[in-house]
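Please construct the entire structure, taking both the sequences and the accompanying hints into account.
Taken in order, these protein sequences are the chains called A and B.
Residue numbers for the first sequence follow numbering that gives the first Met the number 0, so the first one is 0 and each next one is one higher.
Residue numbers for the second sequence follow numbering that gives the first Met the number 0, so the first one is 0 and each next one is one higher.
Accuracy of the hints is not assured; some may be wrong.
What the hints assert, rightly or not - Taking lysine-lysine pairs in the DSS-like style, the calculated list, with each CA pair at most 27 Å apart, reads:
{"#": "1", "chain 1": "A", "residue 1": "Lys119", "chain 2": "A", "residue 2": "Lys242"}
{"#": "2", "chain 1": "A", "residue 1": "Lys242", "chain 2": "A", "residue 2": "Lys157"}
{"#": "3", "chain 1": "A", "residue 1": "Lys119", "chain 2": "B", "residue 2": "Lys265"}
{"#": "4", "chain 1": "A", "residue 1": "Lys86", "chain 2": "A", "residue 2": "Lys157"}
{"#": "5", "chain 1": "B", "residue 1": "Lys265", "chain 2": "A", "residue 2": "Lys236"}
{"#": "6", "chain 1": "A", "residue 1": "Lys242", "chain 2": "B", "residue 2": "Lys265"}
{"#": "7", "chain 1": "A", "residue 1": "Lys236", "chain 2": "A", "residue 2": "Lys157"}
{"#": "8", "chain 1": "A", "residue 1": "Lys86", "chain 2": "A", "residue 2": "Lys236"}
Everything labelled a hint here was simulated from the structure, so no lab data went into it.
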Amino acid sequence: MAEHQGKTPLNFRNVAIATFIVAALVQFLGSVGLFNNYYLHILTVIGINIILVASLNLVNGYLGEFALGHAGFMAVGAYVAALIALKLHLPVLLRIPVSLAGGALAAGVIGYLVGRVTFKTVGDYLAIITLGFNMIIVNAIQNIDYLGGPRGLTAIPKGTDLATVALCTVLSYWILRNLVDSVYGRMWLCIRENAIAGELIGIDVNRVKNLAFTVAATFAGLAGGLYAGYQQFITPKSFDYLKTTDILVMLYLGGMGSLSGSILGVVAYTLLMELLRNILGLIAPQLADLRMLLSPLILVFIMLTRQYGLMGNREWRWLMPDRKQTGGEGA
Amino acid sequence: MLATAIQQLLNAAQLGAVYALIALGYTMVYGTIRLINFAHGDIFMLGGFIGFLLVAIIPGLPVAAMIPLAMLLTAMIGVLIERVAYRKLRNAQRMSLVITALGVGIFLENLVRILVGPQARQIPAQLPNKVLRLANGVVITEDKLLVILISLSLMVILWIFVNKTLLGTAMRAVADNRDAVQLMGVNLNLIIATTFAVGSALAAAGGIFFGQAYSIDPYMGIDLGWKAFIAAVIGGIGSIEGAVIGSFLLAGVEVLTVAYLSSNLKNGIAFGLLIILLLIRPNGIMGRAALKKV
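Take a look at the structure:
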C-alpha cells in the first residue's frame, strides 16, 4: 500500500491550508460584492454536504452497515446549535464555536444512545430502526412548540459563512481520515468483511460499531449546526428522509469506503444538478424541470456502469496520512 | 364506545389492506433478490395514476375491468424496470442495487409530476359507496368493505399461488437458495420477472384503492412506500404472512393514535412502538433468524 513518493507539494496539509485560504478569500470577495453569491452558496453547501457524506461513509462504507437516519442527527445538531445561538446571548466569537460544539455534542450523545439500542440488530433491521429514529426526531420537533413546531426556528443569528464551513470541513475530514487509518478503522473493515472473524480475534464488535455510529452522528450534528447558522432558519421538514436520501445518493455516487470518493460524490452531484438546471434553463425555462428527470437517470447509469460508485474502496493517495511517518509502528 | 372502537378497527383494516398490498411486493422482491426495492412505493403511485388515467381516457370503463387492466399495465412496467435497471446488478454488491432502486424511484416521481402535474387528485367514484348501517350504530360504506374484501382475496390468491403452484414453489426455492435453483435448470430470469410482475400488480391495486379512499399525488409513494416497507420488516421481511400481519398492525397503531391521541403524533408513536417490537423480536414477527456462517 505504501507508495513512497518524493516530497510533493500535493499533500493533505498543503491542500487543507490552501482550501481554507481560498475559502476565506472567496468569502471576503463575496462580502464586498466581487464574487458571485450564487457560487458562494454552492461552495458552502458543498462543504456542509462533504461533512455529512464523509461521516456517513464511516457507517455505511467502512463499517458496512446500512444506516438510514443521518438527517435525524443533523436535525439534532441544527436545533441545539440554533437554540444556543438564539437563547444564550454570547458574543459572536464565542457564540459560533459554542453553538457548533453544542450541536455536535448533542447529536453525538443521541447517536451513542441510539447506537447502544440499535446494534443489537443488524442489516435491514438496523436500517429500519435508524430510519424510524429519523422520523421520530422530525415528528417530535414538529410537536414541540418551543422549537417552533412545524414552522421551524427563524431569525437564527448568522453563524457560519464559507470560511467557517471550509475550516470545519477540513478539520472533520482530517479527523475522519485519521480514524479510518487508525486501528479502529481496521476493526471496522474487519467487521464489514467478516464480523464473526472479528469477534473471534477479540474485537468488541458492538462497542467498535457504536464508536463509528457515534462519530458519524457527531459530525452530522456539526453539519446541522453549520446549516442552521448559514441558512438562519430551519424547519423539521428539511431533515426528513428526503434529506437522508439525498445524502445516500451522494455517498453511493462517490463510492463506499472511500473518503475521497465522498468529496467527489458531493462535488459531482451538486455541480451536476446545478449545471443541468442552468443548461436546461438556458435552452428553455420550462425545461429546467427535466433536471429532476435526468439526474436520477444519470445516477442509475453510473450505478450500472460503475457499481462501486466513482471511487469505491479507493482513495486519493495525497489525502491519506503520510505512510513514511506512521508506517513504522502503525501497520 | 364499542361502536367507535369497531369503527376505528374498520378504518384500520382499510388502511392496513392498502399497506399490505404494497408490503407484499417489498417482501417478495426482498425474498427473491435481497433487494429493498425503494422504487416500489413509486410503482404503487404509478398504479394509482394508471387507474386514474384509465378512467379519464375511457369514460364508461367499469371498475371490474379498470382494476385488472391497471394491474396488468403496472405489472409490465415493474418487469421492465427489473429488466433495465436491476438485472445487470443482480450479482453486484447489494448497496449499488439499493441506490439504483432509489434512482428509479426518484425518476418515476418526477416523470409523473412532469406528465400530470403535482396536484393531488382523487380517482372518480368507481366502487359503489352506499352507506351500510350495522348494529350498534356502526357505519360502513360499501367501498370500504369492498376494498377490504378485494384486498383480502388478492392476498389469498397470492398465498395459493406462492404455496400451491409450480411457479410459486420455484419462487420460494429461489428465495431459499438462488444458486442451487439455477443448477436445477430453473429459469431464474422468469422467476424474478414473475416476482416483480406480481408485486407490481398488487401495488397497483393498492394505489387504486388508496386513490379512491384518499387522494393520489406524484409523491405519495415515498411516504406510503416507507410505511409499507416498515410493515414488511415488522412482519419479518421475506415472509408473506408477516407482511400482512405487519401491515394491519401498523395501520392499527396509526389509526388508534389518530383517534385517541393526536394526528400529529401518528408517525412518531407508530415508529416508536414498532422499534420497541423490533428490539424484542429482532427478525420481525414471522421472520427467521439468519444463520451465522462461520
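**Prompt:** Any hints this thing doesn't respect? Which numbers, in order?
**Reply:** none
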